[in-house]
Amino acid sequence: MSSEVNALEVVKVSKSFHDPVTVKVLKEVSLELKRGEFVSITGKSGCGKSTLLYILSTMDTDYEGELLIDGEATRGKSGSRLARIRNEKIGFVFQFHYLLTEFSVLHNVMLPGLKLGRKSKAEVEHRAMELLKELDIGEQALKSANQISGGQKQRVAIARALINDPLIIMGDEPTGNLDSKNSEIVFEIFQRIASEHKRSLLVVTHDDDFAKRTDRIIEMDDGRVV
Amino acid sequence: MQLLIDIAITLLRAKLRQSIVAAVGVMFSIAMFVTLLGFMNGLNTLLDGLILNRTPHVRLYNELHPSVKQPIEKAFQRTGDSTHHFIRSIKPKDDLPRLRNATAIMSALENDERVLAVSPRLVAQVLFNIGTTDLNGIVNGVDVMKEVQYYTFNDYLVQGDPSDLATSNNTIVLGKGLAELMEAKIGDVVQVTTATGDRAMLRVVGYFQSGMADYDKVQCFANIKTVQKLLVRPGSYLTDINVKLHDIADAPAMAKEFTSRFGVQAVDIQTANAQFETGSDVRNIISYAVGIVLLIVAGFGIYNILNMMIYEKLDAIAILKATGFNGSDVRTIFLLLSIIIGIVGAVGGLVVGIGLQLVVDNTPFVTAALPTITTFPIDYSISYYVIAVTFALLTTWVAGWFPASKASQIDPVEIIRGK
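Here the protein sequences line up with chains A and B, keeping their order.
First residue of the first sequence: 76, per our numbering; consecutive thereafter.
First residue of the second sequence: 17, per our numbering; consecutive thereafter.
Treat the hints as calculated values from the structure; they're not laboratory data.
Keep in mind that the hints are not guaranteed to be accurate.
Within a straight-line C-alpha distance of at most 27 angstroms, the following computed DSSO-like cross-link-like pairs (lysine-lysine) qualify [stated by the list, open to error]: (1) 152(A) - 208(A); (2) 201(B) - 260(B); (3) 218(A) - 201(B); (4) 119(A) - 102(A); (5) 196(A) - 31(B); (6) 196(A) - 256(A); (7) 260(B) - 152(A); (8) 162(B) - 31(B); (9) 272(B) - 233(B).
Anything over 12 angstroms on all C-beta distances counts as not near chain A; from chain B, calculated [what the hints assert, rightly or not]: (10) 130; (11) 200; (12) 244; (13) 329; (14) 425.
For glycine and all other residues, C-beta sits at the position ideal for the given N, C-alpha and C.
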């Protein structure tokens, strides 16, 4: 892990949707994300910012150009390898919390850690508990995931994103569904992750106040970085 | 893998009612499959046993047949003419149907290592005289103890003791139907007239009931010595030799061999009773077909429930994929769901199935035709349980495979963006 390597590097990524007519939504987008950098992507609705994020997340593989995560090219990699990269190096926070309602809060946080299998179950549990306490929701750990409030759910999702100490945290409108008080809490957590944990953050948002307070703003318009 | 099992079990618990319904479907079909096959095969064994237990694997006998060559043919043979003869003056001889050289054949058979048992038989046509009427009957002279040992004679002896028949002369076991007709009680003496007009008095020591009414109205059993005496024949006089083999499958080949070796007629059990095997096969095919159809129906149930579950769990699948579970992990989770349902259903089905078998086995079933049967027959063969469980797992695996594959191919981006 040499610190010179960018956490994320995008070289001339283009993408088209073909249904019903071919529309080019991303036009040779290039950008990079340094370690510990807190970056937001903004732009109007339909400018392709979410599409870009899902390409960066490795979940969408239908694109042209190059994507390097921690120096590793992801193009043409198998689904299992990409899943492994996501598991190990990327943490996600979505607009809608996307917790598994069948599991307890603690178990939700533990799942990616158990999947990675690098630590024992007890260690993962301990780490998950630490994260939940750090995010001030330690007392909710044993509740079912649908028994807690929206703001708490988003914090659980952040804890889950952090469980494997990923290189990059990606957020798709993480505050889009929250009131201003909870948005503020989430922002503070993100800032702390970037400064204390030295993680890179890449957050898609249309909340200008939120974006202004990040290290760098990437503005997109009509499939291009402005 | 442990993690995937945990996830599968958690998902199952969240959908406990649907999962139970699916498992009950499998359970029901397995229970029916096991009960049906056990019952069918019990019945097969019973019905086949009715005939096969008492039937020798190979029967040697000497059938009455016309003289092969008439003297007139010899007269014309020399001239070489091919002519048709309608003078057929030489009739079959009267000393038939005895087996010639029976003692030598018997000792040869006894030394054959493929042979389990050899028992002699002397069949005599007789008339039973009751009052002024005569009834037709057939007395089978047998080696009683061998019949008991190899042909389950005891099972069909509804009253009396076979040792009475074996040890004392001039005793007879009457067919149940015949005994009722003659109103002969045990200990009574009946008068018998042979075809040649000799008369004898025989003491009734038991009743015989085979389950076939016509047979029981005619057939009687006696010690072979008694019958030889009755017919005024020497101790070597036999009409049949019954052979039981170690392996029933050898019977057709050995029947042919005996025919050429001993110069007698020989018939094997497969030829003599072809209809029984056909019947058993058809019954087996029907019960397997019904069982498998039940399992397939249960499989569709699982398929439906899993499909529904996948639609309800699209979010969960997307999130699992987004956090680093790959397609085959997702497939494994849903396959595990299906297989857990299958295993629970199969185990429950076996328990219920064996319970049902016990119920059927203890249900009274009394019929005059089957004297030794008091309850319905069940075959508790382990192979049916194995087949049932194998099929259950196979069906649930296949039923789970398609929805699980579909789940594994779900694109998380579509789900997450579509919200």
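Right, here's what the structure says about each hint:
1. 152(A) - 208(A): Judged against 27 angstroms, a Cα distance of about 37 angstroms means the pair is violated.
2. 201(B) - 260(B): Cα-Cα ~34 angstroms, so violated.
3. 218(A) - 201(B): The given pair, whose Cα atoms are some 85 angstroms apart, is violated under the 27 angstroms limit.
4. 119(A) - 102(A): holds, 16 angstroms
5. 196(A) - 31(B): Satisfied, since the Cα-Cα distance of roughly 25 angstroms is no more than 27 angstroms.
6. 196(A) - 256(A): violated, 34 angstroms
7. 260(B) - 152(A): Violated, at about 71 angstroms.
8. 162(B) - 31(B): With a Cα-Cα distance of about 65 angstroms, the restraint between residue 162(B) and residue 31(B) is violated, given a limit of 27 angstroms.
9. 272(B) - 233(B): Roughly 33 angstroms separates the two Cα atoms, so the pair is violated.
10. 130: holds, 62 angstroms
11. 200: holds, 79 angstroms
12. 244: holds, 86 angstroms
13. 329: Since the minimum Cβ distance to chain A is about 9 angstroms, residue 329(B) lies within 12 angstroms and the statement is violated.
14. 425: violated, 10 angstroms
Checked against the numbered hints above, the structure breaks hints 1, 2, 3, 6, 7, 8, 9, 13 and 14 and satisfies the rest.
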